[in-house]
Amino acid sequence: MSGGLTRKKGTVFLIALIFIAAAPWLLSTSYWRGILVLCAMNVLLALSLNLVLGYTGQLNLGQSAFFGIGAYVSTILIKTYGWNFWLAALAAVAAAGLVGVALAAFAVRLRGHYLAIASLGFAVITYQVLVNWESVTQGVRGMYGILSPVPNAVALFYLVAGIGLVVYFLLDNLVRSPVGDTLRAIREDEVSAAALGVNAAVWKAFAFGLGAAIAGLAGCFYPGFVGTLVPDAFGIVESFTMMAMVIVGGMGTMIGPVIGAVVLTFLPELLRGFGELRLMIYGVALTLVVLFMPGGIVQAWVGLKKRFS
Amino acid sequence: MGRSQKKILVTALLKAANLNKSFGGVRAVYDVSVDVPAGSIFALIGPNGAGKSTLLNLLSGVYQPDSGSLFFNQASLIGLPAYERARLGIARTFQKIRLFKQLTLLENVLTGFHLHQDVPLWKCFLPGGAGRFRGEAMDLLSFVGLGNRANDRAGALSYGQQRMLEIARALATRPKLFMLDEPAAGLNAAEVEFLLKRLQNINQQNVTVLVVEHNMDLVMNVAQRVLVMDHGVRLFEGNPREVQANPRVIEAYLGGAFAS
Numbered sequence: 001m002s003g004g005l006t007r008k009k010g011t012v013f014l015i016a017l018i019f020i021a022a023a024p025w026l027l028s029t030s031y032w033r034g035i036l037v038l039c040a041m042n043v044l045l046a047l048s049l050n051l052v053l054g055y056t057g058q059l060n061l062g063q064s065a066f067f068g069i070g071a072y073v074s075t076i077l078i079k080t081y082g083w084n085f086w087l088a089a090l091a092a093v094a095a096a097g098l099v100g101v102a103l104a105a106f107a108v109r110l111r112g113h114y115l116a117i118a119s120l121g122f123a124v125i126t127y128q129v130l131v132n133w134e135s136v137t138q139g140v141r142g143m144y145g146i147l148s149p150v151p152n153a154v155a156l157f158y159l160v161a162g163i164g165l166v167v168y169f170l171l172d173n174l175v176r177s178p179v180g181d182t183l184r185a186i187r188e189d190e191v192s193a194a195a196l197g198v199n200a201a202v203w204k205a206f207a208f209g210l211g212a213a214i215a216g217l218a219g220c221f222y223p224g225f226v227g228t229l230v231p232d233a234f235g236i237v238e239s240f241t242m243m244a245m246v247i248v249g250g251m252g253t254m255i256g257p258v259i260g261a262v263v264l265t266f267l268p269e270l271l272r273g274f275g276e277l278r279l280m281i282y283g284v285a286l287t288l289v290v291l292f293m294p295g296g297i298v299q300a301w302v303g304l305k306k307r308f309s
Numbered sequence: 001m002g003r004s005q006k007k008i009l010v011t012a013l014l015k016a017a018n019l020n021k022s023f024g025g026v027r028a029v030y031d032v033s034v035d036v037p038a039g040s041i042f043a044l045i046g047p048n049g050a051g052k053s054t055l056l057n058l059l060s061g062v063y064q065p066d067s068g069s070l071f072f073n074q075a076s077l078i079g080l081p082a083y084e085r086a087r088l089g090i091a092r093t094f095q096k097i098r099l100f101k102q103l104t105l106l107e108n109v110l111t112g113f114h115l116h117q118d119v120p121l122w123k124c125f126l127p128g129g130a131g132r133f134r135g136e137a138m139d140l141l142s143f144v145g146l147g148n149r150a151n152d153r154a155g156a157l158s159y160g161q162q163r164m165l166e167i168a169r170a171l172a173t174r175p176k177l178f179m180l181d182e183p184a185a186g187l188n189a190a191e192v193e194f195l196l197k198r199l200q201n202i203n204q205q206n207v208t209v210l211v212v213e214h215n216m217d218l219v220m221n222v223a224q225r226v227l228v229m230d231h232g233v234r235l236f237e238g239n240p241r242e243v244q245a246n247p248r249v250i251e252a253y254l255g256g257a258f259a260s
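For the record, the sequence lines run as chains V and U.
Residue numbering for the first sequence follows this note's numbering, beginning at 1 and increasing consecutively.
Residue numbering for the second sequence follows this note's numbering, beginning at 1 and increasing consecutively.
Derived by calculation from the structure, the hints in this document are not laboratory data.
Model, not experiment: these values are computed from the prediction.
Just so you know, even glycine gets a beta-carbon here, dropped at the ideal spot from N, CA and C.
Hints may be right or wrong, so weigh each one.
Said to hold, decoys possible - Each computed BS3-like pair below joins lysine-lysine, with the alpha-carbon atoms no more than 27 Å apart:
hint, chain 1, residue 1, chain 2, residue 2
1, U, 176, V, 9
2, U, 96, U, 15
3, U, 96, V, 306
4, U, 15, U, 176
5, U, 96, U, 123
6, V, 306, V, 79
7, U, 101, V, 305
8, U, 123, U, 197
9, V, 306, V, 9
10, V, 305, V, 79
11, U, 123, V, 8
12, V, 8, V, 306
Said to hold, decoys possible - Away from chain V, derived, C-beta distances all over 12 Å, residues of chain U:
hint, residue
13, 91
14, 100
15, 125
16, 200
17, 235
18, 252
As the list claims (entries may be wrong) - The following label-pair restraints were derived from C-beta to C-beta distances:
hint, chain 1, residue 1, chain 2, residue 2, range
19, V, 145, U, 151, 40 to 46 Å
20, V, 7, U, 142, 44 to 50 Å
21, U, 147, V, 166, 36 to 42 Å
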């Protein structure tokens with residue numbers, strides 16, 4: 001059985017690889033290639049939130065802040081201090097991760113709605129810091145002329161998608177390991193997890209920190225892709241978009257948030273033909289998914305397969 | 001040699017003295033002292049609202065007492081959170097079943113091995129870091145009669161089966177003291193019979209068992225000592241026969257049927 005599972009996973013991995021390799025040549029205009037890069041970043045972000053929300057069950061609305069911390073820390077280190085991109089990225093990932101652990105340390109007694117509000121507050125504060133700490137972040141005037149670590153959009157897509165694939169592989173193993181059991185136990189029932197010796201505070205901090213680090217990693221590639229950096233890219237709306245990706249795809253599954261990220265990146269673009277109706281259709285589609293597929297696309301697919309087999 | 005061995009047998013594994021716990025103005029547990037002898041099956045009985053579950057929550061660390069002392073293996077438990085007490089060898093089940101309902105039976109029991117996991121964190125990011133407790137978890141599932149349901153979701157089990165799964169999960173922590181809060185509630189006669197046998201099996205493996213129970217058959221058949229509580233206070237302690245004969249207990253709890 002285990003051998004069959006490994007082979008199945010290998011096949012999926014190979015298909016994903018071919019898909020990634022072919023995508024920039026199937027969607028070969030520079031516009032669509034840009035969307036592909038965004039899509040790869042969104043996959044990373046959805047994976048990062050899913051670890052906290054889907055597996056550990058913590059209603060975290062502050063994920064956009066970690067994305068922003070990754071973007072700003074890496075850019076400031078490169079532009080102001082002349083660091084090499086990869087070194088700056090490493091520092092940015094560490095910074096985002098540490099802030100994530102710190103947020104978890106403060107929020108550890110909070111659950112459900114209270115944690116949601118606290119983490120939302122954290123996202124708002126981070127946004128305000130980016131706007132107001134002008135001597136460092138340039139505030140709303142923004143930073144310009146930021147270079148991508150690779151020469152063009154296709155290379156950037158390959159880079160971010162490749163990182164996404166590696167992160168997926170690592171997290172997929174993690175959630176199947178004893179650590180995954182522990183995180184899900186916290187999600188399901190903290191009191192009985194404690195009765196089994198689980199120190200929930202430590203493991204929540206672990207999930208928050210790792211999730212924040214991955215979001216920070218996605219943030220490192222964003223400024224070079226856009227070329228400019230302004231705080232508006234990291235408002236709380238971004239947090240809700242990430243949450244929509246996780247929920248629409250299927251939270252608490254590995255592939256669900258990936259599908260959610262792809263669908264919710266491309267759907268608004270495909271709806272551009274509808275002009276002003278675009279956002280309305282998008283909103284209605286989201287509502288319908290949550291109403292009729294509460295387990296997301298993955299669960300709906302599993303249900304369909306069961307019905308027709 | 002013989003004497004020292006006997007002394008070990010009568011040592012209290014858990015020693016609580018003058019425990020108090022109030023909720024608002026209600027004294028749920030009032031000045032309760034109890035010694036749970038190592039290796040025994042110890043029952044805690046009393047009418048509804050007697051404070052049994054609160055006492056159990058004080059012992060397991062869900063609540064901290066307002067005052068009093070609490071020792072486990074000579075180490076004070078006061079101030080220790082529940083997860084630290086689990087580390088010391090205290091396991092429990094809940095009156096209102098608290099399983100991980102979305103997880104499979106096997107995953108529920110595997111989570112119970114949390115304290116014994118020794119896979120380094122970095123290995124959990126690589127394939128094959130599944131840990132080494134699968135076999136033992138399956139044994140525990142078979143022990144409680146659920147060996148053939150390992151891959152079902154816990155939420156799909158019947159009530160009685162859920163109680164047995166909670167026992168298997170708690171046993172995975174390898175406790176020295178196993179506390180069960182009304183394990184027979186909602187079980188049919190055959191299930192109670194099975195539970196009784198399993199409690200004795202667990203006790204034979206050198207695990208001290210403390211059971212809060214309403215089911216008198218279970219208490220009278222398996223317990224060596226019984227503590228009776230009423231209205232938050234300690235009413236009487238003795239062996240089952242003494243409890244059955246004690247007029248105060250009969251008056252407070254067992255009622256007229258036993259008095260005649």
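- prompt: Checking against the hints above, which ones are violated?
  reply: 1, 3, 5, 6, 8, 10, 13, 14, 15, 19 and 20
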